[in-house]
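Heads up: the protein sequence lines correspond to chains U and A, in order.
Numbering-wise, the working numbering comes out as the position in the first sequence, counting from 1, plus 16.
Numbering-wise, the working numbering comes out as the position in the second sequence, counting from 1, plus 166.
Source of the hints: derived by calculation from the structure; they are not laboratory data.
Hints may be right or wrong, so weigh each one.
[Stated by the list, open to error] Derived CB-CB ranges, DEER-like:
1) Lys431(A) x Gly41(U): 51 to 61 Å
2) Asp565(A) x Gly41(U): 44 to 54 Å
3) Gly41(U) x Lys426(A): 20 to 30 Å
Beta carbons are placed, not taken as given, at the ideal position from N, Cα and C, and that holds for glycine.
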Amino acid sequence: MDELLNILTELHPDIDFDKEENLIGDKILDSFDIVTIIAEVSDVFDVAIPAQDIVEENFNSAKALYALIKRLEEEDD
Amino acid sequence: MINVLEYLEDSAKKYPDKTAFLGTNSCVTFKEMLDKAQSIALSLISAGAHKEPVVIAMTRSPEMIIAFFGVIAAGCYYVPIDEQMPAHRTELIMDRLKARFIITDGTTTLPSQTSADVFNYSDASSLTEVTPLAAERLAKVRKAAIDLDPIYIVFTSGSTGIPKGVVTNHRCVIDYVEQLTKVIGASHDSIFAMQSPLYVDACLKEIYSTLKFGATTHIVPKELFTQPVKLVEYLNENKINTVCWVVPALTFISGLQTFKTVIPKYLKTVAFGSEVFPPKQLKTWRETLPEARFINLYGPTEATGMCCHYEVTDKTDPEKPVPIGKPFPNKEIFLLDDDGKSVPKGQVGEICIRGISLSPGYFNNPDITSKAFVQNPLNPLFTDIIYKTGDLGRLNEDDDIEFVSRKDFQIKHMGYRIELGEIEMLTCKTEGVENVCCLYDGEKKKISMFYMGTIDKSTLISLLKNKLPRYMIPNTVIKLDLMPLTANGKTDRNALKQML
Numbered sequence: 017m018d019e020l021l022n023i024l025t026e027l028h029p030d031i032d033f034d035k036e037e038n039l040i041g042d043k044i045l046d047s048f049d050i051v052t053i054i055a056e057v058s059d060v061f062d063v064a065i066p067a068q069d070i071v072e073e074n075f076n077s078a079k080a081l082y083a084l085i086k087r088l089e090e091e092d093d
Numbered sequence: 167m168i169n170v171l172e173y174l175e176d177s178a179k180k181y182p183d184k185t186a187f188l189g190t191n192s193c194v195t196f197k198e199m200l201d202k203a204q205s206i207a208l209s210l211i212s213a214g215a216h217k218e219p220v221v222i223a224m225t226r227s228p229e230m231i232i233a234f235f236g237v238i239a240a241g242c243y244y245v246p247i248d249e250q251m252p253a254h255r256t257e258l259i260m261d262r263l264k265a266r267f268i269i270t271d272g273t274t275t276l277p278s279q280t281s282a283d284v285f286n287y288s289d290a291s292s293l294t295e296v297t298p299l300a301a302e303r304l305a306k307v308r309k310a311a312i313d314l315d316p317i318y319i320v321f322t323s324g325s326t327g328i329p330k331g332v333v334t335n336h337r338c339v340i341d342y343v344e345q346l347t348k349v350i351g352a353s354h355d356s357i358f359a360m361q362s363p364l365y366v367d368a369c370l371k372e373i374y375s376t377l378k379f380g381a382t383t384h385i386v387p388k389e390l391f392t393q394p395v396k397l398v399e400y401l402n403e404n405k406i407n408t409v410c411w412v413v414p415a416l417t418f419i420s421g422l423q424t425f426k427t428v429i430p431k432y433l434k435t436v437a438f439g440s441e442v443f444p445p446k447q448l449k450t451w452r453e454t455l456p457e458a459r460f461i462n463l464y465g466p467t468e469a470t471g472m473c474c475h476y477e478v479t480d481k482t483d484p485e486k487p488v489p490i491g492k493p494f495p496n497k498e499i500f501l502l503d504d505d506g507k508s509v510p511k512g513q514v515g516e517i518c519i520r521g522i523s524l525s526p527g528y529f530n531n532p533d534i535t536s537k538a539f540v541q542n543p544l545n546p547l548f549t550d551i552i553y554k555t556g557d558l559g560r561l562n563e564d565d566d567i568e569f570v571s572r573k574d575f576q577i578k579h580m581g582y583r584i585e586l587g588e589i590e591m592l593t594c595k596t597e598g599v600e601n602v603c604c605l606y607d608g609e610k611k612k613i614s615m616f617y618m619g620t621i622d623k624s625t626l627i628s629l630l631k632n633k634l635p636r637y638m639i640p641n642t643v644i645k646l647d648l649m650p651l652t653a654n655g656k657t658d659r660n661a662l663k664q665m666l
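So here's chain U without its partners, still in its complex pose (with noise of 0.2 Å):
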């Protein structure tokens, strides 16, 4: 976890990830970010986010991220 909330805080380091939960409905992120989130997360956790599941509710928060992240994970294994 700490590593996908260094990627973030990176992008808006004004942010407490750990709180937020609304970062697409809010408008924090936006299409930039999330290009930047994907192609960080490929590197980070060598998983790839297929388009389907780029969607609100995985990217309102770091905790759903996350989520998301390790379903992949598991997926791949």
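Since chain U is already given, all that's left is putting chain A on it; use the hints.
Same frame as chain U, but now just chain A:
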């Protein structure tokens, strides 16, 4: 044609009940649009508005477009404000404009100290009937308008730290609409999906193509640009056949492998602009939609957003960036060197434009206007104004212009035109900041900021968010103990690049 209102009036007559614009929460027919625009115009005229700027501070919606035409019908010109624009920037713009009137829907934060008359959109647009006397007042205003009168002012980033207001008139837009609609093949059957915000000139494409032909535009909800599959599904659900989008919006779809899941099956025309389309991404789009037309549109806001176009064909080199092509009819493009002489074919020169779609200049800003809009150096015989874009280009073997780079520190980021100097200036004014330098990485699409001072990084970013629009906030902020300098004592940008 003298007045762009004719587009709306004609469509309201021919297709009164057809839906013109659809947003997230509302839609409007051509007839409703005209009626409401006239109602707004009468409210403004009654309040004494006359050939002056009217600020529109509203949520991106069909109603905001109606407000534009209400202002035009009142013989005035509209100045759209980004609903999320920080109050500080809005204040700078309001100060420059000295606007006496604002139309709002209550969703945008207005400067607390404004002395302008604030009109509520719902009240201003709610007249049920235009009486004969009111019709006469509208006709009188209409008769007094000439095609050199402004329609709108769009504010773009300015290197001095203060945004510049580009003025555009009826003549510019009429010329633009007539040329654009031919090139993209717009018709009554066109169904557009508008990606752009309404406070930039890119939205003209959908607005005027829709009004000219009685077509339809769907205003795409902004949040869909974070969810590529849902975005394409939206295009399919609404049978969108034409898009005129900035390149980053298109590469957002193709770069995330969206086409493996869903294809925008109704798309027939993909016009794009603002940035160079990465060749690999364009290839993906073309392979996905082999029947569709792909058209590169190029032009600065000062030339009504468009002066060149290039249609991608099988002959287009797939490995090279798409050329910006040839000028539209009634426009001339020069490539000039620093001495104002034409450069030979193949050599790099500054892209300069002449033609009737040139803006009359920046609002209330003669100094900056006289630097960018200059006498054509190739014609010393009579007044002949050209606009120096600051973009560098060259002519290729097919006589198409290729974009090379910028001459200065202006960048295109997320489809927006940004002066890095504006970010630096505003940051420098922050307490606790001593020295600032911004760099842009075009490949990674990242603005990086280096600063010296006592303020910590997250406080600085929070403060910047109150001063700058979202797209101007640096992606990376690095605090330095010492700014590297060149032998001449200037900031060493190359040394900073090495730190990234």
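Now the hints, each set against the structure:
1. Separated by about 29 Å at the C-beta atoms, Lys431(A) and Gly41(U) break the suggested range of 51 to 61 Å.
2. As the Cβ distance of Asp565(A) to Gly41(U) is approximately 49 Å, the hint placing it in 44 to 54 Å holds.
3. Between Gly41(U) and Lys426(A) the C-beta distance comes to about 27 Å, which sits within the given range of 20 to 30 Å.
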